[in-house]
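Engineer: So the sequences go chain by chain: H and U. Each residue of the first sequence is one higher than the one before, counting from 7 in the numbering used here. Each residue of the second sequence is one higher than the one before, counting from 128 in the numbering used here.
You may find that some hints are simply not true.
Which stretches of chain H does chain U cover? Using the computed rule of at least three CB atoms under 8 Å from a CB of chain U, they are [unchecked claim]:
#, region
1, 21–27
2, 70–78
Here are some chain H residues pointing at chain U (derived, C-beta under 7 Å) [stated by the list, open to error]:
#, residue
3, Ser17
4, Leu57
5, Thr59
6, Lys62
7, Lys89
8, Gln93
9, Phe97
10, Tyr149
11, Tyr151
By construction, these hints were calculated from the structure, which means they are not laboratory data. Since we're looking at a predicted model, the values are computed, not measured. Quick reminder that beta carbons are idealized off the backbone N, C-alpha and C, glycines included.
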Amino acid sequence: MTLVVENLSKSYGDTNVFSDISFALEKGEILCIRGKSGQGKTTLLRCLNNLETLDKGSIKINNRYLCKEVNGKVNYASQQELKVIRQDIGFVFQSFNLFPHMTVKENLLLAPKFLKKLSNDEIEKKADELILKLDLSTKSDNYPYQLSGGQKQRVAIARACMLSPSILCFDEPTSALDEETMGQISKIIKELAAQGIAIIIVTHDSAFVEEIGGKVITLKN
Amino acid sequence: MNVFNMLIPMTIEGLRITIGVFLATLVISIPLSIIVAKLRMSKNKIIAKITGIYIYIMRGTPLLLQLMFIFFGFHYIPLIGFAFGRYQAIIIAFVLNYTAYLAEIFRGGIGSIDIGQFEACQVLSLSKRFTFMKVILPQVVKNVMPSIGNEVITLVKDTSLVYILGVADILKAAKSVSNTYSTFIPYIFVGIVYLLITAILTKLLDNFESKFSYYR
Ligand SMILES: Nc1ncnc2c1ncn2[C@@H]1O[C@H](COP(=O)(O)OP(=O)(O)OP(=O)(O)O)[C@@H](O)[C@H]1O
Ligand SMILES: [Mg+2]
Numbered sequence: 007m008t009l010v011v012e013n014l015s016k017s018y019g020d021t022n023v024f025s026d027i028s029f030a031l032e033k034g035e036i037l038c039i040r041g042k043s044g045q046g047k048t049t050l051l052r053c054l055n056n057l058e059t060l061d062k063g064s065i066k067i068n069n070r071y072l073c074k075e076v077n078g079k080v081n082y083a084s085q086q087e088l089k090v091i092r093q094d095i096g097f098v099f100q101s102f103n104l105f106p107h108m109t110v111k112e113n114l115l116l117a118p119k120f121l122k123k124l125s126n127d128e129i130e131k132k133a134d135e136l137i138l139k140l141d142l143s144t145k146s147d148n149y150p151y152q153l154s155g156g157q158k159q160r161v162a163i164a165r166a167c168m169l170s171p172s173i174l175c176f177d178e179p180t181s182a183l184d185e186e187t188m189g190q191i192s193k194i195i196k197e198l199a200a201q202g203i204a205i206i207i208v209t210h211d212s213a214f215v216e217e218i219g220g221k222v223i224t225l226k227n
Numbered sequence: 128m129n130v131f132n133m134l135i136p137m138t139i140e141g142l143r144i145t146i147g148v149f150l151a152t153l154v155i156s157i158p159l160s161i162i163v164a165k166l167r168m169s170k171n172k173i174i175a176k177i178t179g180i181y182i183y184i185m186r187g188t189p190l191l192l193q194l195m196f197i198f199f200g201f202h203y204i205p206l207i208g209f210a211f212g213r214y215q216a217i218i219i220a221f222v223l224n225y226t227a228y229l230a231e232i233f234r235g236g237i238g239s240i241d242i243g244q245f246e247a248c249q250v251l252s253l254s255k256r257f258t259f260m261k262v263i264l265p266q267v268v269k270n271v272m273p274s275i276g277n278e279v280i281t282l283v284k285d286t287s288l289v290y291i292l293g294v295a296d297i298l299k300a301a302k303s304v305s306n307t308y309s310t311f312i313p314y315i316f317v318g319i320v321y322l323l324i325t326a327i328l329t330k331l332l333d334n335f336e337s338k339f340s341y342y343r
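Next up, chain U with everything else stripped away, as it sits in the complex:
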């Protein structure tokens, strides 16, 4: 069938974008969000407040708008002569957005750890850093895994927003083929691809979660 002769190579091309945006966002956002969560919980009121405003903006506006803002926004500032490239803008927007959501999840996770854990570390003369890395964070990760999993799945679907900057992900591939052949089949096909990706991720996330089931 002609449709698939065009659809499959284009989908594979598109997968590079979809998966690339997905992986880059996760790999950068997760460590960054732990730092942002700690800043949000900082004793320094100003730092906590600024971080709070950042999170508010990122969660209070659509990711689509953020993408447009970061890519097109600079073109409207005269004399600055600077703008991000498409791919840069995509990664920056996705990372900023997802870091905010993940930071709130980590903040909740850190807050839910019994104060006794911190105190036990304190009386054992452990440093703050060591306490966080070896005692607190492993317990936080276990607690927040289900919520992080949700965000990961949402991210897969959010990658489709890159169309607004004219980048060809799998959804854009489907659209092109659909227009060319006047058929709806590409959309069904790409829907199945999303489902497959989600199925694989769900399995991976379950495996990762069960890694932490050795204790309660």
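Just chain H, with the same shape it has in the complex:
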């Protein structure tokens, strides 16, 4: 299993956001998480990416525990381990969070060049391939402010893919897109899944859920 999630619970103070969520994902599987606004979809993704800490539950990515519940207490992996585990899971933010002072290409190169898991030549080659695949060739030297919403989203996807994650999370990927670009993004996501990346999509867009297929979980209170 690429991702195993067991009994996740999270509250902010007195307000319970979600409780007892469990699911598992294989290589290349697609999971859609639905739910009304405020049901904790974004929070769940943030917990999976360790941007938020859980109150209960365990998360296992490629057989390594990001966090593990032992006797009712959640133990997180050490900073050193987290750095490694985290590279297996990518996050495409709803607002993309591209680096505004860097070109498209520089956005892609920053993290891999810092992490140095590949040689510079290999990193450049990989960036060029992703830029081509995501139809960004004419934009590679442009800055984020010069891009449309759909283009920014593809840059965010490419940037996440530079680290070759096993899992890729999307928060409301269709929120900023028209129908045509929606078709484009679902095609891209399906291609990523076909390459073996497990995909988690948070959305309240039913049409998109149908279009993309895959497992569906609905968050309810």
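Knowing the structure of chain H, use the given hints to seat chain U with the ligands on it.
Structural biologist: Chain U with the ligands alone, transformed into the frame defined by chain H:
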């Protein structure tokens, strides 16, 4: 004209002080103020508090008083047998004062960066240090440039405070010549020199700011 025969060489001498204090203060204060801004924003309450008190004192008292305090103050402490030299005292006072002001500007700048930028770095497994240097700081510098520019211009004029320690900057030069010849001309002249320095700096600052206009 006799006045200028005396005024010009003395002004040139004075410029060495004025420009020296100006440059030394900037070169030391800017990097230091970024560190102080980060300390002020530290999660460690004690560090944040101490830094806050330092900034409060530096911004809450006149620079002139700080200069006097650092130079003369030690003479009044018996038995310690230590005091700063004039130039040391000047640089220490100016650096302490300007670091506090600049730190507050950088703190505002860092605080105004979208939290999403930090989070994007976090999910990309970037280190805190790398995140700050490559992602946050370049954006902060763009945002704070206008405010930093203001401080830079103010600093030019503040250098005239060194007269209190008997150091001859351009204003002191004007004063001496004015006393000798009983004329007001040296003051007009030195006013023009300040304006020229400010004009050059304004141009340089504009150029630097436009370096960051390639993105929004
Ligand atoms: N940092 C926080 N502190 C306190 N409460 C929070 C915080 N973040 C989220 N919440 C609360 O947690 C709940 C879930 O928020 P979340 O953003 O996960 O919902 P969502 O399902 O993504 O909603 P939407 O569809 O509108 O994006 C909401 O009630 C929200 O107010
Ligand atoms: Mg949300």
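Engineer: The structure should be examined with respect to each hint, and the outcome stated for every one.
Structural biologist: Hint check results:
{"no.": "1", "hint": "21–27", "in the structure": "violated (count 0)"}
{"no.": "2", "hint": "70–78", "in the structure": "violated (count 0)"}
{"no.": "3", "hint": "Ser17", "in the structure": "violated (21 Å)"}
{"no.": "4", "hint": "Leu57", "in the structure": "holds (6 Å)"}
{"no.": "5", "hint": "Thr59", "in the structure": "violated (13 Å)"}
{"no.": "6", "hint": "Lys62", "in the structure": "violated (22 Å)"}
{"no.": "7", "hint": "Lys89", "in the structure": "holds (5 Å)"}
{"no.": "8", "hint": "Gln93", "in the structure": "holds (5 Å)"}
{"no.": "9", "hint": "Phe97", "in the structure": "holds (4 Å)"}
{"no.": "10", "hint": "Tyr149", "in the structure": "holds (4 Å)"}
{"no.": "11", "hint": "Tyr151", "in the structure": "holds (4 Å)"}
When each numbered hint is compared with the structure, violations occur for hints 1, 2, 3, 5 and 6.
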